[in-house]
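> Read off the chains here:
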Amino acid sequence: MSHVTPAPGNSRPWKARLLSHEMLLLYVLLAEWLFFYFAGTTTNRRGVVVGFGTWDRQFDILRHSCEIGLLALALTPVIITAGIDLSVGSLLGLSAILFGQLWHDAGLPIPLAIAFTLVLGALAGGLNALLITTLRLPPLIVTLGTYSLFRGLAEAITRGSVTYTDFPESFLFFGQERWLGLPTQAWIFFAVAAAVWLLMHRTTFGRSFRAIGLAPEGARYAGLPVGRRVALVYVLAGLIAALAAIIYTARLGQAKADAGTGYELFAITAVVLGGTSIFGGTGSVHGTLLGVAAIAVLKNGLACLPVVMRMNAAEEMSGLLTGALLLLALTAGVLPKMLSKLRPRRHAPAV
Amino acid sequence: MSRYFRELSVVGALAALLLGLAIFAPAFFSPQPLLSLVTREAPTLVVACGMALVIISRQIDISVGSQFSVCSVCAGLLAARGWPLALVLPASITMGALLGAINGALVAGLRLPSIVVTLATMVTLRQGLNLVRQGEFVNMPDAIQWFGLPQATGQLVLVALSVALLIALALAMRHLAAGRFVYAVGTDAEASRLAGIRPQLVTFLVFVFIGALTGLAAMMNIVQSPQVQPLSGAGLELKVIAAVVVGGVAISGGRGNLWGAFAGLLLLACVSPALTHLHIEAYWEKAIQGAIILLAVVADGLRSRKAGN
Amino acid sequence: MSAAPLLALRRIAKSFAGVRALRGVDFELHAGEVHALLGENGAGKSTLIKVITGAHQPDTGEITVAGQPVSELTPASAQALGIACIYQQPALFPDLTVAENIALRLESLGALGRVRWSARRTRAAELLARVGATISPDAEVRSLSMPEQQLVEIACALGAGARIVIMDEPTASLTQKEQHLLFSVVRDLRKNGVGVIYISHRLEEIFALADRVTVLRDGESVGTHPVADMSEGALIRYMVGREVAQIYPPAESAPGEVALALRAVGCASSGVRDISLEVRAGEIFGLAGLVGAGRTELARVLFGLTPADTGEVLLRGQPVALRSPQDAIAHGIAYVPEDRRRHGVVLDLPIAHNMTMAIHRRLFPTTWLRFGAERSLALDYIRDLAVKCSSPDAPGGSLSGGNQQKVSLARWLATKPRVLILDEPTQGVDVGAKSEIHKIIRGLAKDGLAVLLISSDLPEVLGMSDRLGVMRGGTLTAIFPAGTDAHTVMAAALGQAEKGAA
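Protein chains in written order, with our numbering: chain U, 1 to 351; chain S, 1 to 309; chain V, 1 to 502.
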């Protein structure tokens, strides 16, 4: 098993590279894509190609995976520090509502409303961070509480019924149009992905997150500011969730309290599928991106299969397969360890 | 008394809430709506008992909502086919136990973290059910409704059943060796292994048990209405985890008891009707529940920090 | 004594990954006897206990219990044979009550068995009374003090009807009064025909309590004698009396100015009190003492992990506040911790990452990783310290203990410290790597580093140190010059300073 991100000058044998978790996932993704390309593309009565194998559909997949993709990017550092954040989906909903309110009720111009929403998202993440680092509470239960709190606040603010709509065209451009050939939000998603990738793989922050996930005490003994680093990943998760809320609102043209319900699950699945260990320490941002892509292609590809279309069950089918996929990825992660325990243990090499 | 400080403080909060209601909204205590409220919460109490066991053993199960839905629909379909209650009830319980066994096998057998395992089974079960049923309701024969009893009697039976179960389980947790094993495993799995307990087996059985209780609770729910809603279990997991944690069961395992979970559930269950009676909009319910969970864990955190120093 | 001994060990040997912990131990315990086991840290006492309790299988040798040869001893079968061990750190369930803890050990209930709380409570109260403890059976174990928990352990052993009771430094954390209580419990056990293996560093206890004493040295038993025939001086000679097997690199330079000075430093929460000492640049100051004497605790205070609450620390004459490891690093203090696998090296991270972990700010000032600089730094240290590894990208866990220790050392040398604290730097390290590490340490001192060397390996701390402090009970009790003999130091560590000199 590879624990190490390849660094320049890395002399890992090519065999190990081709069999790394990320590469395996890439093969699965390609196979998946090819399957849907051949099984999900048809020609309609007027002789037009429809279904999976069209550019429109491919762009659609990209457009629809941006929000969950962003949440998965937010969760990657969190899970690498051996934490969890269940509140990102709820925070997406709350941020969407706050954004709508800032723009519609407070009359702020769109850019200012976006800026305030991002700050509020970071503050909400800061609440998680505060409880987890200063009181040493388990992240699971803290974020379970804020999962309920954030969604509840969104519902309370809108009284369960208010929906913000009629956003200006210039704003909807971010969610519904294309820029330089790609869906506009895809550019934002790629930019965030690049930023998180650099943070995780090219800066000392990523280094400390890994060390904290593997050995929190060891990180403290090495003089790393453990509390501040852990706080950072939760604040960052809040910030990115708020950004996802903006994109979500721009795509649908409306902000509702139930925005992003259940997204945390898909995001966690993408991260774990992407090779990040739920016990912390190992994982990569490119793995997460592949995980997001695998789930998105599955979801959209299923919708293109004639048999699924007849059943009208794409949503359920993809949910079912995503859950099964997560179980499979988890099991695959521990099976080698379980098997190696059964084998006689080798001695450590003598000096 | 300091040992039960946590439970007593929840009871105190509940008493204060009830007192406030008695002064500002005496209508809350009129018998009929109160009985309906308690009946509605009876299945939740049954699941909360199971959740308390799971959390005491240092695990968590967030798939109970989906298990609940699956058991409800299965039981409803069997009943609609004309199966008698005496067969539908055990079938529902067995169904739940089987679903719990899947979680148990993955958590205890493969030593996977229960949070992710049950997250996965939660979505798999829910979407599987949606796929098969497409959100269809199941119409129930009258013979099943309220166990074929008059409504008021049926309500009383449900409440009595849930309370009896609570008492039986609370006593078992205290007075049966099996109950003490759950505490021992949750406190320190390694030490319990040395004391001759099999922690993996205990963990597995706890998951099976909460599954069975969920099956029972599903049954207690479907008898209350003429139709089975396939989404009836949505959000149940959060409600029961919140109740258990608010009631003083430590998420780190080994501490707390069912009486506390019971008080926690009553406190949370009273929030929504209290809001109505105090003329606060019901949309605040979820936010207030979240705040109560956070308050409870923060209180625990502060207490343990004080004790540590 | 004519009857077969209760427990007899013959030529017991045990190795771990090539390191021989026990080389051939003979030991006999009779019924109604208190048999003391004495030896330096690392002499093999704890391994021997684990063999007797079935936690470790010996590689060779025979064990007989009451005349019956025992082939495969497991923890369960040891318990069934009536062997019980009271550890220094009791392994109880903290969230459960005393009565329940005792019951979980003694009862073997089926899952549906009924818990008889009143019977449990009565039994617990009775057992606790037998060990003279005034603990409520209903108290939660987490609310008990360490000695109280130990008494609960002894009560468990009594309740289980143990014939062989092992006590591993039972008095280490007891007050005078509790000690006397414990002694009477031990004498009671002896009167009832129980064999007690009593391990202690306190010689006066051995003389007060034991009938016979066996001394272990370097994994071998060097003799069993009736306590009545022994003097304290003779016992100490047995413990340390070995040939000097190793040559230690000599000091090559005169110490410079005072780099680190402690003035009455104390930390209540970690039990360190009133420590004053000075370490000069270029000097190796050794800290000897028994396990639990407070040496690691002092290191943790100096490194800001458990900040001092009294006294002051001066670095090159300037008082400094060390509130966190970051403070300590900023002031040029480096700490190579004792527990290498948990604190020293992150086993799953590459060697290069491990080596640069404490110098992120200096090596990567913009937080941007510079792989080239990191790699060349790692290669430099791999060369300088002769770390045997396949590449700087190999995970720390793939290295042997000695090489892991070098990686840990490299991490701290990279911080360019002025004061280097080494905590058991050669523990679990094989002989070859050990002398390499010694040379490295001496070289560092020569380069002007002030070195504080904590070691339980007496020849090492004697051979390496320019001056030598001895800690006992959380404070510094004596400072010796280089060349002090082992006997004197051991006597001081055992608290026999004035008598030991005789």
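Careful: at least some of the hints might be erroneous.
[As the list claims (entries may be wrong)] Here are some chain U residues pointing at chain S (derived, C-beta under 10 angstroms): (1) Leu135; (2) Leu140; (3) Leu144; (4) Ser148; (5) Thr163; (6) Thr203; (7) Leu265; (8) Phe279; (9) His286; (10) Leu305; (11) Val307; (12) Met309; (13) Glu316; (14) Met317; (15) Leu325; (16) Gly333.
[What the hints assert, rightly or not] Label-pair ranges, simulated between beta-carbon atoms: (17) Gln151(S) / Arg159(U): 29 to 35 angstroms; (18) Val50(U) / Thr276(S): 49 to 55 angstroms; (19) Thr477(V) / Arg228(U): 50 to 56 angstroms; (20) Ser231(V) / Arg228(U): 57 to 63 angstroms.
It is worth saying that the hints were derived from the structure and are not from the lab.
Since the structure is predicted, the reported quantities are computational estimates derived from the model, not experimental observations.
All residues carry an ideal CB built from backbone N, CA and C; glycine is no exception.
> All hints, please: hold or fail.
Hints and how they fare:
no.: 1; hint: Leu135; result: holds (4 angstroms)
no.: 2; hint: Leu140; result: holds (6 angstroms)
no.: 3; hint: Leu144; result: holds (7 angstroms)
no.: 4; hint: Ser148; result: holds (3 angstroms)
no.: 5; hint: Thr163; result: violated (14 angstroms)
no.: 6; hint: Thr203; result: violated (28 angstroms)
no.: 7; hint: Leu265; result: holds (6 angstroms)
no.: 8; hint: Phe279; result: holds (7 angstroms)
no.: 9; hint: His286; result: violated (21 angstroms)
no.: 10; hint: Leu305; result: violated (14 angstroms)
no.: 11; hint: Val307; result: violated (13 angstroms)
no.: 12; hint: Met309; result: violated (14 angstroms)
no.: 13; hint: Glu316; result: holds (4 angstroms)
no.: 14; hint: Met317; result: holds (6 angstroms)
no.: 15; hint: Leu325; result: holds (9 angstroms)
no.: 16; hint: Gly333; result: holds (8 angstroms)
no.: 17; hint: Gln151(S) / Arg159(U): 29 to 35 angstroms; result: holds (33 angstroms)
no.: 18; hint: Val50(U) / Thr276(S): 49 to 55 angstroms; result: holds (51 angstroms)
no.: 19; hint: Thr477(V) / Arg228(U): 50 to 56 angstroms; result: violated (40 angstroms)
no.: 20; hint: Ser231(V) / Arg228(U): 57 to 63 angstroms; result: holds (58 angstroms)
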